[in-house]
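A.B. asks: Starting from the two chains in their separate frames, assemble the complex, guided by the hints.
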Amino acid sequence: MEIEKNSRILFMKYALPCAGTLVRRDIVSKEYIDNLIEAVKNNQHIPKDAEKIFKVALSACSLIALDNEKQIDSDVIREYFLFRHDDMIDKRYEEMGDFDPEACRTRAGVVEFLEEKFAIVKNPSGKRKYRSDFVVDLQKNDIVVTHWNFIVEKIDKKTACKMNMSKAVSVLR
Amino acid sequence: MCVTSIGEIKEIHGNKAVVDIKGKISEVRIDLVKVSVGDYVYCASGMAVEKVD
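Here the protein sequences come in this chain order: V and U. Going letter by letter, the first sequence gives residues 1 to 173 in my numbering. Going letter by letter, the second sequence gives residues 1001 to 1053 in my numbering.
Extracted from the complex, chain U is given alone in its bound form (with noise of 0.2 Å):
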């Protein structure tokens, strides 16, 4: 559960993004890291919670 996935930002809409994880698309919150489209983060249950540096 303390794991992340790392997927990339394809759309933002406000506090959320679409982004692909692994080939999956997935809607996250993106409140806590600052990203644009085409950034990576690590992602885990609908959050965005660190940006791939």
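Excised from the complex, chain V in its bound form (with noise of 0.2 Å):
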């Protein structure tokens, strides 16, 4: 299933942080991933089928769209990421166990200092350093969701409280 066109950077946004997975498994090429950072973080012109390099999230997006009967937008992307993203990583994990699940996931958190390309954010994992490239006008305070080593947009705090909730309950099962 095809990604509605103007929802295809955002997709990119949260899929491209866990690419390195991919180039370490010669999947595809640093170079291209690089590459496809650069286009997103400028919104220039995303590649025909680029998003198929990510088999896994965009199989999972289409799953969601499917049960809804609508395109993959912007709402599937988030409701996977945001939300069913961790269930998806502890089955991958059950079945292969070649990944570090926690450097995985993603995670609501607040930004705490702001450097030129970097931002620390604190989230339930503590605080680290995150990319903020792909976040124009961050600034302290924001509230953003974090996979890998990237920010990949702000959220709502109604958003993030729900992320994190949604996320405590699933550790609880």
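Be careful, since some hints might not be right.
Every beta carbon over 12 Å from chain U, so not counted as near; a handful from chain V, in silico [as the list claims (entries may be wrong)]:
{"#": "1", "residue": "1"}
{"#": "2", "residue": "9"}
{"#": "3", "residue": "59"}
{"#": "4", "residue": "90"}
{"#": "5", "residue": "112"}
{"#": "6", "residue": "126"}
{"#": "7", "residue": "143"}
{"#": "8", "residue": "162"}
{"#": "9", "residue": "166"}
Cβ-to-Cβ under 10 Å is the rule here; a few derived chain U residues that face chain V [to be verified]:
{"#": "10", "residue": "1004"}
{"#": "11", "residue": "1005"}
{"#": "12", "residue": "1021"}
{"#": "13", "residue": "1024"}
{"#": "14", "residue": "1042"}
{"#": "15", "residue": "1044"}
{"#": "16", "residue": "1048"}
{"#": "17", "residue": "1049"}
Think of the hints as simulated: they come from the structure by calculation, not from any bench. Please read all numbers here as calculations on a predicted model, not as lab measurements. Virtual Cβ for every residue (Gly too), placed ideally from N, Cα, C.
C.D. replies: This is the structure we're talking about:
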């Protein structure tokens, strides 16, 4: 299933942070991923079918879209990465056990300190430095979602609370 | 997380299939792929994401 044209960059912002796994396995080159990151940062054209390298995330979004009888749009992308991604990671870890599931989780957090291309974010895993180049006009105290070593986007407080609550319930299951 | 495993389709029940992934039996959704029993598919986290050609 294809991603709605206006939502391709959002999908890439969420998916690209874990592309290092694909590079390490020689599925794609580092240069290709670096070029995609540059394109996303600068809101430039994303090559046709670029998202297909993220087979798992694209398939998961496709199933959510199918179940809701809609296209893969920004709502579907956020539903997957903010609320269902961790369960997928846990299942994948049970199957493969060949990656660090904690590094792969998406987390809601607060920006505490800004540097030129990085920001310190406090989230449920503690305080860490993340790349901030996917987000323009980032400010101290902004609420953001992180994935691997990237800040993906700003989110509102309600979404952040829902996200952390959903993850807490998931841990209790 | 982005990497898949290969499994063999053993049974199909509607939009779900029983697959054998390296001897481990799992159930996966097959909405996104056209498959028959005996086909091999790339699987991850309860989904068949692509048929192996």
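A.B. asks: Looking back at the hints listed earlier, which ones does the structure fail to meet?
C.D. replies: 1, 3 and 4
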